[in-house]
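> These are the residues of each chain, in order.
Protein chains: 2
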Amino acid sequence: MEKVSYTSISKNEALSLRAEVEKKYADYVAQNLKLDMSRGKPAPNQLDMSEDLFTVISKNSDVSDVTPDVRNYGGLDGIPEMKAIFADMLGVKTSEVIIGGNASLTMMFDMVSRSVTHGVLGSTPWCKLPKVKFLCPSPGYDRHFTICECFGIEMITIPMKSDGPDMDKVKEYVENDPAVKGIWCVPKYQNPTGITFSDEVVKKFASLKPAAEDFRIFWDNAYCVHDLYEEEDQLLNILDECRKNGNEDMCYIFASTSKISFPGAGVAAMAMSEKNIAFTKKILAFQMIGPDKINQLRHVKYFKNLDGIRAHMKKHAQILAPKFEIVLDTLTRELEGLGVANWTAPRGGYFISLDVMPGTAKRVHKLMAEAGVVMTGCGATFPYGNDPDDTNLRIAPSYPSVAELKTASELLCVCVKLAALEKITG
Amino acid sequence: MEKVSYTSISKNEALSLRAEVEKKYADYVAQNLKLDMSRGKPAPNQLDMSEDLFTVISKNSDVSDVTPDVRNYGGLDGIPEMKAIFADMLGVKTSEVIIGGNASLTMMFDMVSRSVTHGVLGSTPWCKLPKVKFLCPSPGYDRHFTICECFGIEMITIPMKSDGPDMDKVKEYVENDPAVKGIWCVPKYQNPTGITFSDEVVKKFASLKPAAEDFRIFWDNAYCVHDLYEEEDQLLNILDECRKNGNEDMCYIFASTSKISFPGAGVAAMAMSEKNIAFTKKILAFQMIGPDKINQLRHVKYFKNLDGIRAHMKKHAQILAPKFEIVLDTLTRELEGLGVANWTAPRGGYFISLDVMPGTAKRVHKLMAEAGVVMTGCGATFPYGNDPDDTNLRIAPSYPSVAELKTASELLCVCVKLAALEKITG
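The listed protein sequences derive, respectively, from chains A and B.
The first sequence begins at 0 in numbering that gives the first Met the number 0 and counts up one residue at a time.
The second sequence begins at 0 in numbering that gives the first Met the number 0 and counts up one residue at a time.
Incorrect hints may appear among the rest.
Remember, identical chains collapse to one label, so a pair may be satisfied in a single copy or spanning two.
To be verified - Calculated cross-link-like contacts (lysine-lysine; reagent style DSS-like; alpha-carbon spacing at most 27 Å):
hint	residue 1	residue 2
1	361	281
2	33	127
3	313	58
4	202	2
5	405	361
6	22	300
7	160	361
8	132	280
9	132	170
10	203	361
11	243	170
12	22	281
13	92	361
14	2	23
15	303	361
16	303	58
17	168	202
18	313	405
19	274	202
Hints were generated in silico from the structure; no laboratory data involved.
Just need the whole structure built from these sequences, with the hints factored in.
Laid out in structure tokens, this is it:
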């Protein structure tokens, strides 16, 4: 197929192209594929790499060098050794870290839930307010948006640009509307675009002058060490920047080892100012006696320090980078110059974001499903599941094999073309 | 010292006894003791017993017999194998079980928190109501009461009798006041009295006709398999009984392996009607992707089934029973017949409840502290930390050694006598 932009061809040319692409699509359908590119799950061979985590604590004497006894009750905010690693990872002090259970998502949900029931540092509980709003840079992470849905928090879509959210819009909302209490961010290797917020964007975040005293930036640094290449994207330290502006209470940082060790049995953490830490721990003390400290100690003994984690992440990158590349190479080869799609080329994280011809994303999703490939639900990357231009698709290349990804991404290109040609030829 | 009731002696006799007891007390103070009878923590040798839990999963192939992969994301309500064990333990169907993280306390807190933010099966969220009340049979478990405190729920003290809460009072409140939304119960080997609710009490619970549609019994079956002796206390199945009365949605049951395997790294669960399960899971799905499934599988492989757990509990009993006995023997030997104290003789659980002469519990606590023995905070077993008669002390015999317990309980008897004699002699 020649590389001529679909926007410049005649109707007859488009019809003949469409027939050609339809034939290709039918060939794929005949293969009865069964592939899943929907969720950012590590592949089994990535999980296999952490096998020694199982036995790094294998007898009672392996826990005896840490006091108090990690097997027993206690340790509300985690063991000091685990805090030290996350503090290093996030560039904060250990006194600014709380260790949680196995999921940062739960820590984020609970943080919102606590704000709903107890307010923030003495502010009115959000459940007592007539309206609470969050800003949602989009495309973004669906599980952030569903936390808002759960609590009836109104979501305002903010466009994502190549260096972060549209900060003019963010500033306008945050500084003028006291009902705006939060914003969701995945600042490094953003989900799903894979972009990293520029220094300028981070500085603009840090210098916000919120209309609401209880406005918080939910800084989900899920991919802080999840680089695909030696040269990693650099992200400015939000807590440092906020502190420079006298805004140190304005941000909550989240991270976890979910995509470092085991997604189902890792360790999560949050970091924030000591004032926020004290307030959070006060309520946390009612909710729990302490998270699983044995699993924390397992991670401490296995990774030892941030260098240990970085070395481990290099092994993940060796598995993941070729998967990203096969998808990106296929997109480039098949779609570049056709004027029907744009996509990001992330240098880390778990996703590639694909914008197809406006009004065709749902159709592409359906064509993929009918050919046996599951993709993330259409619209999931937008608040209320509503992609206004019906243009965005999230590709999760981690779980399938390289061979499966090759097939799936070639099929994806066929579907993108077909949906575009259907639209053009009407 | 002769066994003459303090209530029948003359002032002079009391003064001379007091001088005698003061001398004894001074001897203890001189020993510079440092003992802790405050929290229901298993002793290190109890934890040592679960050593093989560390290695029951020791390589990748050990998890390959269970699908989906326990290392990866997913499994919101737990793995079926773990549900089966808790279903057996609690006498419910697997479809009536949700597995949680490492703490039933967190599951209880979250259940209250969800009711505050989302109501119960479609009822008005409790945060939208002018007042929410809970009944608190007392003495009871302090961490239940502090959950109420956290959410500003008004607590109403209900007297604990030898067969359970005063059910006339419970019925009166529950059936007449629609603001009464819950009651806290530890039905077997109650914390701290160690008594088990009689069949009659359970049946009265099950046949309640609450004024509030969203009234729930929080049935914290923390000690369901925690027997000290072969012949265990029998507790009627609350869910079955509720079902007989068309009340199956009225109870939430909680349990965990905290005092079976590791307090800091066990597995918790809740059980309830399928309607309650569906409602709870709907909100849970916003909060988490799933609890630690590797740890669940560890427990499944280690205990295999309820019989495995019962066998393990026998080993705990061998360590715990002598500790309960040394305390009870000392109380009997030193205090029986003096008319200054009553106590329970539990056949399971983690606590002994001691009622000293009214108005002297705080004094006993202080005397113990000054002699170097930490006991549970005075009043902790009552709502708002307020023991109206200043009479109840909770003894937690599990953590100290038998020798330490002997000393601590002999000292306790001295303090009980001294405080009583101080009061008598004025």
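> Each of the hints needs a verdict: does it hold here or not?
Consistency of the hints with the structure:
1. 361 - 281: between (46 Å within a copy, 26 Å between copies)
2. 33 - 127: neither (48 Å within a copy, 48 Å between copies)
3. 313 - 58: between (30 Å within a copy, 22 Å between copies)
4. 202 - 2: neither (42 Å within a copy, 78 Å between copies)
5. 405 - 361: within (22 Å within a copy, 74 Å between copies)
6. 22 - 300: Close neither inside one copy (56 Å) nor across copies (52 Å); limit 27 Å.
7. 160 - 361: within (22 Å within a copy, 64 Å between copies)
8. 132 - 280: both (25 Å within a copy, 25 Å between copies)
9. 132 - 170: Only inside one copy: residue 132 and residue 170 sit 14 Å apart there, 43 Å across copies, limit 27 Å.
10. 203 - 361: neither (35 Å within a copy, 56 Å between copies)
11. 243 - 170: within (18 Å within a copy, 59 Å between copies)
12. 22 - 281: neither (63 Å within a copy, 43 Å between copies)
13. 92 - 361: Answer is neither: 45 Å inside a copy and 41 Å across each miss the 27 Å cutoff.
14. 2 - 23: Answer is within: at 17 Å inside a copy they meet the 27 Å cutoff, but 99 Å across does not.
15. 303 - 361: Neither. Shortest intra-copy (46 Å) and inter-copy (47 Å) distances fail the 27 Å Cα cut-off.
16. 303 - 58: Both: 18 Å inside a copy, 20 Å across copies.
17. 168 - 202: within (15 Å within a copy, 61 Å between copies)
18. 313 - 405: within (23 Å within a copy, 57 Å between copies)
19. 274 - 202: within (22 Å within a copy, 49 Å between copies)
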